Amino acid sequence: MLAQRAGTTALRRVAAAPSSVFKLAPFAAMQTRPIQTERLTPADEAAILAKQRLNRPVSPHLEIYDPKQTWFGGSAWQRITGASFSGALYASAVAYLAAPLVGWHLESASLVAAAAALPVAVKGALKFLVAWPFVFHAINGVRHLAFDLGIGFSRATIIKTGWYFWGASIVGGVYLAFFM
Amino acid sequence: MASVARSSALLKQVAAQQSVAANGLRVAAFHTTSRKSLLPPPPQRIEGTVNDPVEVPPPSPSHGSYHWTFDRVVAAGLIPLTVAPFAAGSLNPTMDAVLAATILIHSHTGFGNIIVDYVPSKRVPKARKVFTWGLNAATVLVGLALYEFETTDVGLTETIKRVWKA
Numbered sequence: 536m537l538a539q540r541a542g543t544t545a546l547r548r549v550a551a552a553p554s555s556v557f558k559l560a561p562f563a564a565m566q567t568r569p570i571q572t573e574r575l576t577p578a579d580e581a582a583i584l585a586k587q588r589l590n591r592p593v594s595p596h597l598e599i600y601d602p603k604q605t606w607f608g609g610s611a612w613q614r615i616t617g618a619s620f621s622g623a624l625y626a627s628a629v630a631y632l633a634a635p636l637v638g639w640h641l642e643s644a645s646l647v648a649a650a651a652a653l654p655v656a657v658k659g660a661l662k663f664l665v666a667w668p669f670v671f672h673a674i675n676g677v678r679h680l681a682f683d684l685g686i687g688f689s690r691a692t693i694i695k696t697g698w699y700f701w702g703a704s705i706v707g708g709v710y711l712a713f714f715m
Numbered sequence: 630m631a632s633v634a635r636s637s638a639l640l641k642q643v644a645a646q647q648s649v650a651a652n653g654l655r656v657a658a659f660h661t662t663s664r665k666s667l668l669p670p671p672p673q674r675i676e677g678t679v680n681d682p683v684e685v686p687p688p689s690p691s692h693g694s695y696h697w698t699f700d701r702v703v704a705a706g707l708i709p710l711t712v713a714p715f716a717a718g719s720l721n722p723t724m725d726a727v728l729a730a731t732i733l734i735h736s737h738t739g740f741g742n743i744i745v746d747y748v749p750s751k752r753v754p755k756a757r758k759v760f761t762w763g764l765n766a767a768t769v770l771v772g773l774a775l776y777e778f779e780t781t782d783v784g785l786t787e788t789i790k791r792v793w794k795a
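Line order of the protein sequences matches chains F and W.
Here the numbering used here is used: position 24 in the first sequence is 559, and no number is missing along the way.
Here the numbering used here is used: position 58 in the second sequence is 687, and no number is missing along the way.
EDC-like mimics (lysine to aspartate or glutamate), calculated; alpha carbons at most 16 Å apart, straight line:
#, chain 1, residue 1, chain 2, residue 2
1, F, 586, W, 676
2, W, 751, W, 684
3, W, 751, W, 676
4, W, 790, F, 642
5, W, 790, W, 779
6, W, 758, W, 746
Honestly, the hints are just simulated from the structure, not real lab data.
Every value quoted in this text rests on a predicted model; they were computed, and no experiment measured them.
Excised from the complex, chain W in its bound form:
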């Protein structure tokens, strides 16, 4: 008798599984867009217990609000530096060097923001380090190249002007 009862329980379980499958199909049919696992979740890990609140990172203004303000100041500073050669017709070498340096800083922090957005340290900590230090190295190289170009050639603005009018 016990075995008969158990098999009926098994049947019940199978029926339940079938109803779950039917439910899943209904849910899948509810979603009208195609399902693309572009970024499948990486292996999950539980830090602490499930009842711990999300950890608040320690405040760091130099990576937060100061950095944000600095970005805006540099971007705003580029407006007069960009307009000046159009207005005056040319730039003196010092202003051209200031323009090149400001563009370099603007590019560096811009690339940095892109890395922070798309290479999260929580998900890919090693790649984040590679990208960050790669960017630092590239910026040093580009700074060196801009120094070379500004000191040995005709300067950034003048080059663009000559190529434009060629």
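So that you can see chain F by itself, here it is in the shape it has in the complex:
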């Protein structure tokens, strides 16, 4: 039932009663309550709440952060380099298992022959592409173990040593790729 109807009906009844002193008819017309209530089951309430929750704001994207922190964070690159190496290990190991069935040659001798056949520039580039993530993951992994012991874990130190480790990993990668 409309709440506003209830109000007007009651007032109209009062106004309709004969009275020479009070004229309530104008007030009766003004009495409106433009709301409507509804009886809801708990399930209905939960459904409305669940729908309402879809309107909650979603966290903003990475670009709200300082790009230096987003793109050169040691922790993110630790995961990227590690997952790349482990992914390569898993892929090549499964390929090695499948090799006799598919007819590939992945024994160490044929891998060495394939590597030897590459042009020097390509071989150097590929070696750096493996050496840099290896050095980065190795030395940054030690840094993370130090973090876990609470060493060097102040914000200023993390930012400063982060750059040192980037530099050291590139130097180490160049050394492993071209001088070893």
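Got chain F sorted already, so can you dock chain W onto it with the hints?
Coordinates of chain W only, in the frame set by chain F:
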């Protein structure tokens, strides 16, 4: 008269809606970054009532602190195993097998951590199961392949060394 009053109430409601829209525009203008719904919220469900506190998961050290410590022990163990061939010039087959096994464990738990982080069981329970068991199966396969490689070929370190010097 009643209808006149109602229409004025309707007008009020329309005005209110317009002011809400204007307010929304103001709020949208306040945010300076673009809005990207990369991960739109999945269908929501209410567990219990809205007044229930968030459920505390039952403690499980083997998935928590023990697992964390084990990860660190394996990672730290890889340091001498990695440095040894550089220092000694070569690795004997047993040490090479230990290195390969440790790398396999390190990879397995590393992939496991990535799955736990990016495939939440609360949001995608089925995908979580597929990924977890897929990883377990892949690790068994890779373990088999590493065993084959270590027993029939020259070993991990020696292969890398030969390819590097090729």
